[in-house]
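A.B. asks: Below are the chains, spelled out letter by letter.
Number of protein chains: 2
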Amino acid sequence: MDFKAYLDEKRVMVEEALEGIFPGPEGPAADIISAMRYSLFAGGKRLRPILCMAGAEAVGGEAKDVLPVACAIELIHTYSLIHDDLPVMDDDDMRRGKPTSHKVFGEAVAVLAGDGLLTKAFHVMTGADFVNRVRPDALLAVIARIAQAAGYEGMVGGQVVDIQSEGKAVDPSIVEYIHTRKTAALISASVVSGAILVGAVEDQVKALASYGQNIGLAFQVSDDILDIEGDSRELGKNVGSDTRQEKVTYPAVHGLKRSKDIEKELVQQAIESLAPFDRRAEPLRQIAKYIIARKR
Amino acid sequence: MDFKAYLDEKRVMVEEALEGIFPGPEGPAADIISAMRYSLFAGGKRLRPILCMAGAEAVGGEAKDVLPVACAIELIHTYSLIHDDLPVMDDDDMRRGKPTSHKVFGEAVAVLAGDGLLTKAFHVMTGADFVNRVRPDALLAVIARIAQAAGYEGMVGGQVVDIQSEGKAVDPSIVEYIHTRKTAALISASVVSGAILVGAVEDQVKALASYGQNIGLAFQVSDDILDIEGDSRELGKNVGSDTRQEKVTYPAVHGLKRSKDIEKELVQQAIESLAPFDRRAEPLRQIAKYIIARKR
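Top to bottom, those sequences are chains A and B.
With the first letter of the first sequence counted as 1, position 260 gets the number 1072 in this note's numbering; the numbers rise by one all the way through.
With the first letter of the second sequence counted as 1, position 47 gets the number 859 in this note's numbering; the numbers rise by one all the way through.
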């Protein structure tokens, strides 16, 4: 398969669908719409929505049938970046080569833009047109999984332990705790949601959840490695910020060489989870390999 | 009817159900659980969940059948208070007689506690036990309404215009814009959600939405009046903060006397919206009258 063409095609689908979610910035609340759009169209890779669509395809469904959920997950991911970058959190000025939300719109609007994106995600998933096209019980199960992955048992819980662990000597189990929740939970929920919506059976859901956990963790380990070895221009953000902020990362806890081995093992395990699937899971296999090869 | 006994009975139902939502604060993310619980059990009146249950009763349903949605709305309301109180927003130190979340847990955990409560709301509404007891299409419609009322078209949009209007001379239409979105949208969604879940027909939904909009707006006008005339001990927060912060309020725009007239008119309109309902809507009528009489 032409993997690059696959990613491009899916990214265009996502961009077009995201474009239709918010109106133009008009009226008294124009600033909040501008701020949400600014971060949403800041050049993200759309990894999570693509995973959601690839998850649907792996079990025989069609990408377009899960597009609103794919977009909702990107809204949630974008909200988490805005809040993570806030001065009271990681205090990052640059993201994807552009000033972060609070640098452009101020902290109050940045907090509210995050709140607005998170809330809109659940509105997008329950739009009347979409609801009429899916099994309602499947959609409710998907909303539950995404909310759990994004909440205090997932992303929010990972972020709080992340910021509280800065500068501390922590047990290796804590770095896994943080990354599993902060990154892997929503990535895993992305793949699984797409599959559930088009009728995946329980064994398929379990295998895809395992795939998602492993690539999600691998993705964060590779992010940690890129923060040391990457090129700040290609990444669009300053490198070395983890070290400066004394972040709990895989390289900090396990060293760079061991971290690269862990990344490879996780990708290998992810691909093994896909053994029961046929060639329709090929995009998921390619995405797993891409994680190690990527430069940004 | 014994209105005080009604409120007490419903409040106990809500408190008990909220108690079961979060585990005890254990594990690496204990702080976020503590912070969410701290604000959730800070002595709120539980007005929104009670309205949700009263909405169900008004159309012949039972309060217990909508309890998870009632609780979810209280989680959303609590998140909005935590974020509104942040130093970058209204910078309030006291709420309901206790230090605000960021004063106790720091700003980073306060932002995340808000995020966690908002996200958990959607998890609570999609719990497997609850999903099996309701019509899934009704529940999806309710989630959509609540997300819209809480998001940039509702609460978040009202808050951004609120903070951006501080200290400015604004058109009276702006104060209505703010209050309609910041307060009335979620209050209206509370009543309507309870009714939809137990099978309300379209005319009933419209009448209850109108009731909710009117009491929601009246509630905010009465809040503005209490900030001038209220007792800070009874209110559990400092009075006069709207004036100090040069907030756009009904008294600031229309004067105190006219604001009291507007409040009465809104309550009257709310009660008129209930004309098609029988005595099962009596709690809703009493709640409308209580808004004018309340001291906190």
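A few of these clues could be false.
It does not matter which identical chain is used: a pair holds within one copy or between any two.
Stated by the list, open to error - Listed next, the in silico DSSO-like pairs over lysine-lysine satisfying Cα-Cα at most 30 Å (straight line):
1) Lys-1069 with Lys-876
2) Lys-1018 with Lys-910
3) Lys-1076 with Lys-1101
4) Lys-1076 with Lys-980
5) Lys-915 with Lys-980
6) Lys-915 with Lys-1076
7) Lys-980 with Lys-876
8) Lys-980 with Lys-1072
9) Lys-980 with Lys-1059
Calculated from the structure, these hints are not laboratory results.
Note that the structure is a prediction, hence the values are computed from the model and not measured.
A.B. asks: Honestly, which of those hints from before does the structure not fit?
C.D. replies: 1, 2, 6, 7
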